[in-house]
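Could you put together the complete structure from these sequences and hints?
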Amino acid sequence: MEIDTVTNGNSDAVMTETAPTITPSPVVPSSRSSQLTESLKLEHQLLRVPFEHYKKTIRANHRSFEKEVSTVVSSVGDLADSDWSKDATVSRLTSLVSRLQGLKRKLEEGSNVENLQAQRCRARIDHLDSVDVENITEWNNTKLKRILVDYMLRMSYFETATKLSESSNILDLVDIDIFREAKKVIDALKNREVASALTWCADNKTRLKKSKSKFEFQLRLQEFIEMVRVDTAESYKQAISYARKHLAPWGATHMNELQHVLATLAFKSTTECSKYKVLFELRQWDVLVNQFKQEFCKLYGMTMEPLLNIYLQAGLSALKTPYGFEEGCTKEDPLSQENFRKLALPLPFSKQHHSKLVCYISKELMDTENPPQVLPNGYVYSTKALKEMAEKNGGRITCPRTGFACDYTELVKAYIS
Amino acid sequence: MELKSIKDAFDRVATKQKLSYNKTNEIVHMLSQEIDKALSIIKESPSDTVLDHRSIISDVKKAFVGIAPVTQLEAAEKELHVALTKYPKVLEKQLNPDISKAYRNNAEFDTHIVNQIIANFFYRQGMFDIGDCFVAETGESECSTRQSFVEMYQILEAMKRRDLEPALNWAVLNSDKLKQARSDLEMKLHSLHFLEIAQGKNSKEAINYARKHIATFADSCLPEIQKLMCSLLWNRKLDKSPYSEFLSPALWNNAVKELTRQYCNLLGESSESPLNITVAAGTQTLPVLLKYMNVMANKKLDWQTMEQLPVDAQLSEEFQFHSVFVCPVSKEQSSDENPPMMMSCGHVLCKQTINKMSKNGSKSSFKCPYCPTDVDISRCRQLHF
Ligand SMILES: [Zn+2]
Ligand SMILES: [Zn+2]
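Taken in order, these protein sequences are the chains called A and B.
For the first sequence, the UniProt record's numbering assigns the number 1 to the initial residue and increments by one for each residue that follows.
For the second sequence, the UniProt record's numbering assigns the number 1 to the initial residue and increments by one for each residue that follows.
Please keep in mind that the hints were generated in silico from the structure rather than gathered at the bench.
Certain hints may be false.
[As the list claims (entries may be wrong)] Between beta-carbon pairs, the in silico distance windows are: (1) B:S203 / A:N377: 47 to 53 Å; (2) A:A195 / B:T305: 39 to 45 Å; (3) B:E142 / A:G394: 49 to 55 Å; (4) B:Q72 / A:L265: 27 to 33 Å; (5) B:E108 / A:K298: 30 to 36 Å; (6) B:T305 / A:P322: 17 to 23 Å; (7) A:P400 / B:P249: 31 to 37 Å; (8) B:A297 / A:H354: 25 to 31 Å; (9) B:E157 / A:K212: 56 to 62 Å; (10) B:D239 / A:N377: 48 to 54 Å; (11) A:P322 / B:E272: 21 to 27 Å; (12) A:E138 / B:T71: 50 to 56 Å.
[What the hints assert, rightly or not] Sample of chain A residues facing chain B (criterion: CB under 7 Å; computed from the structure): (13) E38; (14) K41; (15) H354.
[Unchecked claim] In the DMTMM-like style, the derived pairs of lysine to aspartate or glutamate whose C-alpha atoms are separated by at most 20 Å in a straight line are: (16) B:K7 / A:E52; (17) A:K67 / A:E108; (18) B:K61 / A:D87; (19) A:K298 / B:D98; (20) B:K61 / A:E68; (21) A:K356 / A:E391; (22) A:K41 / A:E305; (23) A:K384 / A:E410; (24) A:K214 / A:D231; (25) A:K190 / B:D98; (26) A:K331 / B:E318; (27) B:K227 / B:E205.
Just so it is clear, CB atoms sit at the ideal spot from N, CA and C, and this is done for glycine as well.
Below, the structure written as structure tokens:
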């Protein structure tokens with residue numbers, strides 16, 4: 001099996017399998033699988049978002065069916081209490097029949113939509129269930145793509161998000177349709193229109209109330225300010241009646257803000273008073289966009305930040321060592337890349353409680369199986385790599401970093417605890 | 001975590017949803033039936049008295065009261081509601097409901113940098129369509145590495161078709177750099193080519209090829225060359241020879257891997273995608289951080305400012321790119337100012353600890369904390385990992 005010796009300690013380059021290396025300890029597989037379990041616990045959003053969508057559909061359908069049924073019931077009641085002719089009664093009843101048929105159709109359609117959404121919820125549970133130690137690499141590749149799609153959807157890069165999901169066959173695992181709903185509102189707000197945001201608030205009224213959201217109030221305030229901005233006698237009148245109708249109900253809970261904004265009636269949009277000037281600034285619309293994004297994420301059980309940023313932060317911190325920033329750092333370390341360094345800059349360094357030594361020559365871990373040996377010049381390499389070098393060079397060792405040469409017999413073992 | 005309890009809770013939702021649907025359907029059906037019945041009676045009744053059809057309608061009304069559709073619908077919804085409220089609670093209990101607890105809000109990422117990283121990721125994975133689409137959609141400037149990765153994938157595609165020419169051309173062109181990187185890629189590719197020729201039953205051509213291209217590697221790869229040449233003796237039945245390993249597809253896979261690694265390294269990139277590595281490291285780190293955050297719920301402020309993680313993420317081996325020495329006594333990570341020192345017994349401590357144990361050099365020897373050796377300070381020496 002001498003063929004191994006030509007590989008220069010490059011472990012991937014081994015052409016044939018050497019004798020199986022002894023597994024360091026039997027704990028490894030179980031720790032791998034507990035690591036796997038822990039990582040699945042990070043997938044709350046994956047299961048939660050489609051469920052919230054499903055729930056919303058169920059609720060909306062139910063409300064509309066209930067309304068329709070009670071309309072039919074009360075129509076019959078009215079009919080019983082009135083004096084219609086036989087023909088008129090027949091025609092009334094006939095229209096009720098077709099109304100009920102329509103309801104049946106709607107019920108069918110609604111149930112189809114619900115079933116599709118239930119299927120999606122299930123597909124995601126099954127996806128979590130499908131991972132094991134064998135297919136983990138592939139599963140993780142899919143995970144990265146999911147995370148990238150999440151990032152793109154939050155950034156409104158819909159085209160790439162769709163393309164990537166289609167080509168990777170992960171449409172069931174990403175939430176493109178849900179983000180499209182958000183995009184409509186965001187686009188409208190960017191055009192300085194509150195209507196679709198208000199519709200969204202009405203659609204999700206109960207839940208927003210429950211979380212004590214004041215998003216609708218903020219939308220109303222903005223609409224009020226736009227009226228004041230117009231600065232005509234007519235618009236002031238309009239603003240005041242608008243405030244009576246839509247802002248006053250919030251007085252009980254948000255009196256201070258209400259007073260603050262209503263005082264704009266006393267100022268013009270060109271005011272220099274900084275406290276009021278800011279209310280007229282157009283970037284208030286961007287504030288609303290951000291506010292909406294937050295409400296939206298909360299409603300669907302999503303993290304506020306893109307998943308990518310959360311994972312990258314954690315990963316960069318765990319990988320961040322002073323060595324990563326040194327000249328000549330191994331290219332295998334992501335922190336050797338300029339872009340990753342920039343992202344890592346404000347993040348904390350990693351912490352290690354125990355020594356972990358990597359052989360400079362073979363890049364393999366130096367542990368009790370492959371202990372570190374010290375050259376007389378103080379440089380340390382793994383036993384395996386040094387043995388290989390000695391075998392090739394008649395027992396001589398040359399330090400690859402300093403050029404120092406010595407005999408294999410001059411090496412001493414270092415004990416790292 | 002119990003995936004089963006999540007599944008069960010969801011099954012309950014789905015069952016109740018079906019029940020609720022059936023109930024609604026049934027009610028609509030009953031209402032229709034009552035009206036249909038009334039209609040046919042009215043239509044068939046010969047007399048044309050007002051009273052007659054009115055009494056029929058009031059029967060319908062009574063029947064509706066008996067069915068109590070709204071009450072029934074509400075009851076069905078109530079049951080469904082219980083299941084719908086329960087499921088998210090199960091999710092929150094079994095999973096980590098908010099992984100952004102481990103997020104630092106004061107370290108916002110620059111979107112351009114993140115976008116560049118993503119574009120580069122698509123290109124290095126060979127997903128050129130998607131990379132191009134992403135660059136166009138984000139309006140980022142063209143990725144500088146795109147063309148290089150296009151070439152790399154052309155070489156790899158050719159290798160898949162067992163066409164080694166583009167790979168060999170590249171390896172020969174970068175021969176010096178590959179040697180510097182201590183890679184045997186060139187030899188690997190030539191070996192594969194040699195074996196292909198030999199498999200074509202043309203021993204003579206194979207020998208010529210070996211003389212021309214393989215002999216130059218005699219210094220570093222003599223044993224392998226011996227095996228290659230020897231395999232010619234069995235070229236009609238290599239599968240039953242001592243050299244059947246030469247038929248293994250693993251040889252090609254290894255060559256593909258090595259080429260990818262060397263190609264990326266020469267580009268100044270890692271052989272694995274750095275985005276992949278970082279997200280994978282994040283996947284291992286987040287559970288540890290979240291656990292810490294839960295225990296230290298009141299120390300949130302520190303989290304936003306600390307310069308070192310408070311816990312060891314215990315990343316697996318594949319993420320260990322550098323030697324990190326932690327002094328077993330002081331638990332400090334070594335640094336240029338505080339390097340690791342080996343004592344005469346072979347145990348290693350950090351310099352500060354050794355200074356402390358020798359009372360800053362006032363004692364010429366001290367006892368090793370890990371073995372009975374009396375350590376002579378003058379014989380302690382600095383290590384370089
Ligand atoms: Zn120490
Ligand atoms: Zn000792």
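Checked hints:
no. : hint                        : verdict
1   : B:S203 / A:N377: 47 to 53 Å : holds, 50 Å
2   : A:A195 / B:T305: 39 to 45 Å : holds, 43 Å
3   : B:E142 / A:G394: 49 to 55 Å : holds, 53 Å
4   : B:Q72 / A:L265: 27 to 33 Å  : violated, 53 Å
5   : B:E108 / A:K298: 30 to 36 Å : violated, 20 Å
6   : B:T305 / A:P322: 17 to 23 Å : holds, 19 Å
7   : A:P400 / B:P249: 31 to 37 Å : holds, 33 Å
8   : B:A297 / A:H354: 25 to 31 Å : holds, 27 Å
9   : B:E157 / A:K212: 56 to 62 Å : holds, 58 Å
10  : B:D239 / A:N377: 48 to 54 Å : holds, 50 Å
11  : A:P322 / B:E272: 21 to 27 Å : holds, 22 Å
12  : A:E138 / B:T71: 50 to 56 Å  : holds, 52 Å
13  : E38                         : holds, 4 Å
14  : K41                         : holds, 5 Å
15  : H354                        : holds, 6 Å
16  : B:K7 / A:E52                : holds, 16 Å
17  : A:K67 / A:E108              : holds, 16 Å
18  : B:K61 / A:D87               : holds, 19 Å
19  : A:K298 / B:D98              : holds, 11 Å
20  : B:K61 / A:E68               : holds, 16 Å
21  : A:K356 / A:E391             : violated, 27 Å
22  : A:K41 / A:E305              : holds, 18 Å
23  : A:K384 / A:E410             : holds, 16 Å
24  : A:K214 / A:D231             : violated, 27 Å
25  : A:K190 / B:D98              : violated, 29 Å
26  : A:K331 / B:E318             : holds, 14 Å
27  : B:K227 / B:E205             : holds, 17 Å
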